[in-house]
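Enquirer: Hey, can you piece these two chains together into the complex? The hints should help.
Respectively, the protein sequence lines represent chains Y and B. Numbering that gives the first Met the number 0 puts the last residue of the first sequence at 239; the count rises by one with no breaks. Numbering that gives the first Met the number 0 puts the last residue of the second sequence at 283; the count rises by one with no breaks.
FYI, nobody ran anything at the bench for these hints, they're computed from the structure. Hints are supplied without guarantee of correctness; some may be wrong.
Taking lysine-lysine pairs in the DSS-like style, the calculated list, with each CA pair at most 27 Å apart, reads [as the list claims (entries may be wrong)]: (1) 217/Y x 172/B; (2) 218/Y x 233/Y; (3) 233/Y x 150/Y; (4) 254/B x 218/Y; (5) 252/B x 217/Y; (6) 217/Y x 233/Y; (7) 254/B x 217/Y; (8) 233/Y x 3/B; (9) 218/Y x 252/B; (10) 233/Y x 252/B; (11) 218/Y x 3/B; (12) 84/Y x 156/Y; (13) 84/Y x 150/Y; (14) 109/B x 57/B.
Part of the chain B face toward chain Y, derived, beta carbon under 7 Å [unchecked claim]: (15) 17; (16) 118; (17) 168; (18) 171; (19) 173; (20) 233; (21) 237; (22) 239; (23) 268.
Just so you know, even glycine gets a beta-carbon here, dropped at the ideal spot from N, CA and C.
As a plain string of letters, each chain reads:
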Amino acid sequence: MAIVGANGSGKSTLARLINGQLLPDKGSVIVDGLHTSDRSQRSQVRGRVGLVGSVPDHQFVSNLVADDVAFGPQNLGLEREEIYKRVDTALRMVSMEDYAQYPPYLLSGGQKQRVCLAGILAMQPRYIILDEATSMLDPQGRRQILQILEKLRQESKLGIILITQDLEEACQADQVIVMQAGQIAANLPFRALAENQELLNQYHLEQPEFYHLVALLKKQGLLSPDWRGDSLDKVVEALC
Amino acid sequence: MLMKLESVSHTYQPRTVFAQAALRNITLSIEENEFLVIAGGEGSGKSTLLLIMAGMIKPSQGQVYLGEAPLPRQGIHPNLGLVFQHPEQQIFELTVGEEVAFGPINRGIKGEELRSAVAEALAAVGLDPAHYYDRPIRELSTGEKRRVALASTLVLQPQLLLMDEPLVGLDHKGRCQLIDHLVDLNRTRGITIVMVTHQIRPVYPHCSRVVLLHQGQISGIIGPEQSSPLEELDGSEQIALPIHVQLLQHLQKVKPDLPASARTAEEAGAIIAAHWQSGEGGHY
Numbered sequence: 000m001a002i003v004g005a006n007g008s009g010k011s012t013l014a015r016l017i018n019g020q021l022l023p024d025k026g027s028v029i030v031d032g033l034h035t036s037d038r039s040q041r042s043q044v045r046g047r048v049g050l051v052g053s054v055p056d057h058q059f060v061s062n063l064v065a066d067d068v069a070f071g072p073q074n075l076g077l078e079r080e081e082i083y084k085r086v087d088t089a090l091r092m093v094s095m096e097d098y099a100q101y102p103p104y105l106l107s108g109g110q111k112q113r114v115c116l117a118g119i120l121a122m123q124p125r126y127i128i129l130d131e132a133t134s135m136l137d138p139q140g141r142r143q144i145l146q147i148l149e150k151l152r153q154e155s156k157l158g159i160i161l162i163t164q165d166l167e168e169a170c171q172a173d174q175v176i177v178m179q180a181g182q183i184a185a186n187l188p189f190r191a192l193a194e195n196q197e198l199l200n201q202y203h204l205e206q207p208e209f210y211h212l213v214a215l216l217k218k219q220g221l222l223s224p225d226w227r228g229d230s231l232d233k234v235v236e237a238l239c
Numbered sequence: 000m001l002m003k004l005e006s007v008s009h010t011y012q013p014r015t016v017f018a019q020a021a022l023r024n025i026t027l028s029i030e031e032n033e034f035l036v037i038a039g040g041e042g043s044g045k046s047t048l049l050l051i052m053a054g055m056i057k058p059s060q061g062q063v064y065l066g067e068a069p070l071p072r073q074g075i076h077p078n079l080g081l082v083f084q085h086p087e088q089q090i091f092e093l094t095v096g097e098e099v100a101f102g103p104i105n106r107g108i109k110g111e112e113l114r115s116a117v118a119e120a121l122a123a124v125g126l127d128p129a130h131y132y133d134r135p136i137r138e139l140s141t142g143e144k145r146r147v148a149l150a151s152t153l154v155l156q157p158q159l160l161l162m163d164e165p166l167v168g169l170d171h172k173g174r175c176q177l178i179d180h181l182v183d184l185n186r187t188r189g190i191t192i193v194m195v196t197h198q199i200r201p202v203y204p205h206c207s208r209v210v211l212l213h214q215g216q217i218s219g220i221i222g223p224e225q226s227s228p229l230e231e232l233d234g235s236e237q238i239a240l241p242i243h244v245q246l247l248q249h250l251q252k253v254k255p256d257l258p259a260s261a262r263t264a265e266e267a268g269a270i271i272a273a274h275w276q277s278g279e280g281g282h283y
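Isolated chain B, as found in the complex (with noise of 0.2 Å):
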């Protein structure tokens, strides 16, 4: 287990008029290597509860562990990296190398190590550290800014990276690609991945487990991985499952030995496919 969330729950602005219950008792484990989503809708504490796994809030009540130890109450711990949303608009250097290095600088790496650490960071993101070191900020799109911030992130070495609506703003391409660098990181750098999202869609076929909130309280996990019947989760409406989940659902009332849930809508299609033609299904 590398982090434990003990029933926590968050206020803010508590004993004023704009007292707001923000998370309630939420008990968590995040296990090592996991690539965790965490989906809800609107004003579903989702942000604050990256917040409080970064350090940044500390909760109202209830406890943080990163490993066995609490997690520190000042500062963000150095085996975490946090990406908050739209994190082009953080970027305060002027070009890529210089912006990639600023966290090192701070910790006081230098010369030939910390050329290496930069080059290594933007290559783990897709971005050619040879095309891209010097390049201007002002010249990159969207999709490319983004990368930058989380290569400003990895070069720090976290070992949980909290990532809070990445996916948004991008356009199909960029999306792709920014997934396809954060599934690489998890598979083969075995960085454990904490996903705050409310566009499942994209991230479902790599995830380990969604972990569904409303209201403030986890009203249900989900996972590709799931053979039970789906219940109707509170909140689950404002996140909408993939349409094959989704279908897999309906045909299970039907076809209770059927899946409830498949990573992507061809090996939906291929469960249904098999099922149906072994004359177990419908008509057609």
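Chain Y extracted, bound-state conformation (with noise of 0.2 Å):
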């Protein structure tokens, strides 16, 4: 699931709540049956849902990145043989394993972002909540990281929400939220949203790249109206 809206609509907040850092004054949240209201019962909502955030910088705790990731688990209370192993593998699924006795001023923001994501991959979450977790990192780098979520999506069930600003980053997921003001103001499918250019002027989202070209294009006839491709090869295959 993508969360998307503008700055100061809501996004930040709804992932606190769901994570339990924040108690809603009215209404509740609910995670696996476990209410984040009920004291008892939040820590293993926490233990749950995992959040990432958008400045790494806030969350680094250690000395070593190594030391770092395995601040989670330890809390978790692990034996240190399982621990030095979740640390091992979730650096080697972030591809930092040959940073793993570095110190983290030494990395740059898209390597300590994903130093970040591995704290939270070995804790090993149901849910794991990525707040702009990709804004600083290169294209190549957000799709690695996309890439891995939604492997452990497919082969672990695990569940994402993903909160941005960039649409084009949410073209992967089930259902795409709006938010504004507060308030969830649409939900629907990425392509559904991606090409009304009307809702994205409504909700001040930029259209993704490749829709604003397609619409351009067509609008010169240079594709025909109802053409439906996905990729910028089908669109050559279609003009040439």
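Expert: Structural data, given as structure tokens:
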């Protein structure tokens, strides 16, 4: 699931409510039958819902990458061997195994973000919320993270909530929720939103680049109005 | 020429197990009134290069010139303005006016001169001084805070503005507003801008050149006015060129006389339409 919306629309607040970091004034948040408002159930909710934020420097707690990733599993009370195993696996998942003994301050912004993700993956949560967590990554790094998560989603039924201002990132989501002024303004499939310029203007969202180009080419009469391709190669094929 | 980097290399933590070559043999000139974009993937050396240009890091090798003179080794030159990544986290005063006034106060400016300099800097980034001067910073949105940080730099009237990933974390509206103000500063006030970013799409229509960094080296320089074919540059997969440029590149393989780039998707669409309608295009 993807949650999109402008700055200040309530996306991050919603994420923190789901994770139990914030409690609702009214209503209730229930994760797998556990209520975040119930103090005895809250820590279980936090163990199930991992939250990765947008500023990695805010999330580091240790002087070495490996120790930082180990922090979560240690707090779950796991055996030492299990912790080592999880740290190793999580760092491999995000291709940061060569940096295990590095201090985080020597890493680039994107590398730091991957270490933060590894810290959450090492806790083996049921759900992961990525709150603008790929904003610092280059397109290749972003694709890599989304592929890792997609694999986890299929293999271990990990639930993913992707919070972003960039609708383009939401292309793999089953559903896209649009937040506006603290409310859910729409809930629809990616393509229905990406192709509808009027809706995008209404929600102050930028049209994904590909759909903008296709709309232009249709307007110019270079593609037929009912053309429905989904890649640049298909556009080239249709034009030539 | 405003700034020149000559054979600049930099290694972090030299002579330790963490030694990391961040930049290798960079030679680059920045012309006056340019809007230069430095792009590259994570760890390509973009931020290091910007900090070297600002004089915040002394390169391990090579020299940086501002005009004809070598860049001083200590502190930021008064002609340079640097806006860090996430500048809103560096704001330390309580109100917008106090924050923007901090730099000029430290240069001994006061009274009416100070007030008008702050008001002018706020207006330059689209923040109405009458409305914003006394506003507490905590009430502002991320985009507004970022513009306050930019105003705090502009108030010192830099000739060259260096910015590290200023678009990250901004929504579509905030991004458009910030870019509009930067373009205005560049065109009407003649401020030279160097922007480090991995988001080329929003700035591509306005920039003069894009310098592509890969593993600490310049792998190529491209630009919206480019007509010659774009080569396969190392690291280009990490930055995602605007999709209309990618389309032109693909079409150029079939039609070599098509330009390799266009500033906007609209421009690219018009070029393709004109080409296709003149009967030189494809079947459709």
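Enquirer: All the hints need checking, so say for each whether the structure fits it.
Expert: Hints versus structure:
Proposed proximity of residue 217/Y and residue 172/B is supported: the alpha carbons are some 26 Å apart, at most 27 Å. This hinted pair checks out: residue 218/Y and residue 233/Y have alpha carbons roughly 17 Å apart, not beyond 27 Å. For the suggested pair residue 233/Y and residue 150/Y, the alpha carbons sit about 26 Å apart, so the restraint of at most 27 Å is met. Distance check on the hinted pair: residue 254/B and residue 218/Y sit about 22 Å apart at the alpha-carbon level, within 27 Å; holds.
Distance hint between residue 252/B and residue 217/Y is fulfilled; the C-alpha atoms sit about 22 Å from each other, no more than 27 Å. Distance hint between residue 217/Y and residue 233/Y is fulfilled; the C-alpha atoms sit about 14 Å from each other, no more than 27 Å. Of the supplied pair hints, the one linking residue 254/B and residue 217/Y holds, its CA atoms being roughly 20 Å apart against a limit of 27 Å. Taking the CA atoms of residue 233/Y and residue 3/B, the gap is about 43 Å. The hint is violated against a cut of 27 Å.
Restraint check for residue 218/Y and residue 252/B: satisfied, since their Cα atoms lie roughly 24 Å apart, inside the 27 Å limit. Under the criterion of a C-alpha separation no larger than 27 Å, the hint pairing residue 233/Y with residue 252/B is consistent with the structure, at around 15 Å. At most 27 Å may separate the alpha-carbon atoms for a hinted pair to count; residue 218/Y and residue 3/B exceed this at roughly 45 Å. Between residue 84/Y and residue 156/Y the alpha-carbon distance is near 21 Å, which keeps this suggested pair within the 27 Å criterion.
Taking the CA atoms of residue 84/Y and residue 150/Y, the gap is about 20 Å. The hint holds against a cut of 27 Å. Note on residue 109/B and residue 57/B: the hinted pairing is violated, with a Cα-Cα distance of about 33 Å set against a maximum of 27 Å. Evaluation of the residue 17/B hint against chain Y yields a held restraint, the C-beta minimum of about 6 Å falling below 7 Å. Below 7 Å, beta-carbon pairs count as interface contacts, and residue 118/B has none with chain Y, the closest being about 25 Å; its hint is therefore violated.
Interface hint at residue 168/B: satisfied, since its Cβ lies 6 Å from the closest Cβ of chain Y, which is below the 7 Å cut-off. Restraint check, residue 171/B versus chain Y: the minimum CB separation of about 4 Å is within 7 Å; hint holds. Interface restraint check: residue 173/B against chain Y, minimum CB-CB distance 6 Å, threshold 7 Å, status holds. The restraint placing residue 233/B at the interface with chain Y is violated, with a minimum CB-CB distance near 12 Å, outside the 7 Å limit.
Checking residue 237/B against chain Y by beta carbon gives a least distance of about 4 Å; that is within 7 Å, so the hint holds. For residue 239/B, the suggested interface contact is upheld, since its CB lies about 4 Å from the closest CB of chain Y, less than 7 Å. The restraint placing residue 268/B at the interface with chain Y holds, with a minimum CB-CB distance near 4 Å, inside the 7 Å limit.
In summary, the structure is inconsistent with hints 8, 11, 14, 16 and 20 from the numbered list given earlier, while agreeing with the others.
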